[in-house]
Amino acid sequence: MATGKLKSFTLAELLVVMIITAIVVGMAFSVLRIVQKQIHAIQTNFEKTSTLALFEQKLWQDFNEPHTIIYNADKQNLVMISEIDTIVYSFQEKTTMRNRDTIKLKITPGKIFFKGKEIKSGPVDAITILAETELPDYQIFVSKKNDITFFMNQEDGF
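Going left to right, the sequence shown walks through residues 1151 to 1308 as the working numbering numbers them.
Treat the hints with care, since some could be wrong.
[What the hints assert, rightly or not] Lysine-lysine pairs mimicking PhoX-like chemistry, simulated, CA-CA at most 20 Å apart: (1) K1256 to K1198; (2) K1225 to K1254; (3) K1295 to K1244; (4) K1244 to K1267; (5) K1198 to K1208; (6) K1261 to K1294; (7) K1270 to K1294.
Hint data in this document are derived by calculation from the structure and do not stem from the laboratory.
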């Protein structure tokens, strides 16, 4: 009887294959983790951008309704009063409120203007809103045109 040799892998060869497989799988998981972080960052940035765009749109809409707009620097709020309703924007440390709606972003009022001059408090016809802590260099500027009715209704006779 002839004895034949069985073809097989040695223990050393199997160990090398297992080590290479472990390295490849480890690298794949590392790449997957990096991709997940990037997707999360993109998603968060998109949510912030969308929220700020909606905030800007609503602020423009509110600003250009027939409201009397007053800014109170002590309370950090913007009050818009009309015959139909009153809208209050309240700028807080980590959130901004529009009446009862909460915007979970840090938005702060920048410069406040009335008749082209910067003011600290009082009647407003233009405002710069800053959201730079959320998105770099993100600013909103809104303004309204004051008609003769506005000036006639002013008690101070501006």
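So, going through the hints one by one against the coordinates:
1. K1256 to K1198: 10 Å, holds
2. K1225 to K1254: 19 Å, holds
3. K1295 to K1244: Violated, at roughly 31 Å.
4. K1244 to K1267: 29 Å, violated
5. K1198 to K1208: 15 Å, holds
6. K1261 to K1294: Holds, because 15 Å separates the two Cα atoms, which is no more than 20 Å.
7. K1270 to K1294: Since the Cα atoms of K1270 and K1294 sit roughly 18 Å apart, the hinted pair holds (cutoff 20 Å).
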